[in-house]
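Chains as they are written, first to last, in our numbering: chain A, 1 to 116; chain B, 1001 to 1114.
Please keep in mind that the hints were generated in silico from the structure rather than gathered at the bench. Honestly, I wouldn't trust all of these hints.
[Said to hold, decoys possible] Distance windows between CB atoms, simulated:
id : chain 1 : residue 1 : chain 2 : residue 2 : range
1  : A       : Q17       : B       : I1080     : 42 to 48 Å
2  : B       : V1084     : A       : T5        : 39 to 45 Å
3  : A       : T114      : B       : N1058     : 46 to 52 Å
4  : A       : G3        : B       : S1010     : 38 to 44 Å
5  : A       : R57       : B       : G1016     : 41 to 47 Å
[Stated by the list, open to error] A few chain B residues facing chain A, derived, Cβ under 10 Å:
id : residue
6  : L1004
7  : E1041
8  : G1042
9  : L1045
10 : R1060
11 : Q1064
12 : V1084
13 : G1085
14 : F1088
15 : A1090
16 : L1102
17 : T1103
18 : L1110
19 : N1113
Heads up, the beta-carbon is just placed ideally off N, CA and C, and yes, glycines get one too.
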Amino acid sequence: DAGVTQSPTHLIKTRGQQVTLRCSPKSGHDTVSWYQQALGQGPQFIFQYYEEEERQRGNFPDRFSGHQFPNYSSELNVNALLLGDSALYLCASSLLQGALTNYGYTFGSGTRLTVV
Amino acid sequence: GQQLNQSPQSMFIQEGEDVSMNCTSSSIFNTWLWYKQDPGEGPVLLIALYKAGELTSNGRLTAQFGITRKDSFLNISASIPSDVGIYFCAGPSNSGGSNYKLTFGKGTLLTVNP
């Protein structure tokens, strides 16, 4: 049973560019959340998608946007990249019911984004 | 917003020793979660606590939900080399009337010398 898969695993971008990160949730999960983890910090919530809609958003600018597809997979887009966007981007999937009751999130291994 | 303070930031111990780390908050949490993150991986849930005063074990790991609901503790007994990693506490944030997002501490880096 595949867990959460994220692609790519690593990438390097230049300031001002745009990037798209992808996430396939664990089989049977319908909700996808995105987190940013800077070096030496804990993950910070970006936003969550359910039924192809953004349900809740963290303290991130509009340069961060996302999408969820009918098959529950999700994309995270970041425009006008800044050096400070360099981080590990984690995708976590869950069943909405699980998210409400036992916080049964499954995290992927992340995409390491480096902005130069 | 809600913040979680973890201590210590890092620990260096000998194999076989017991480990204790904690997490405090200025606001109340109704659920406390403890995660472990190995290098190059995402966090993995170790223990979930749902009730003030609750003490829960998972193998050599034991965690407690503080009675004030503003703190939690994680203990690891008889540490082994594979316990190496970063341990995070986390709790659901209630902003906007939703429990969907998690707030994480900055983590405790554990190193175990064989």
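Q) Hint numbers the structure violates, sorted upward? A) Violated hints: 2, 3, 4, 10, 11, 12, 13, 18, 19; rest satisfied.
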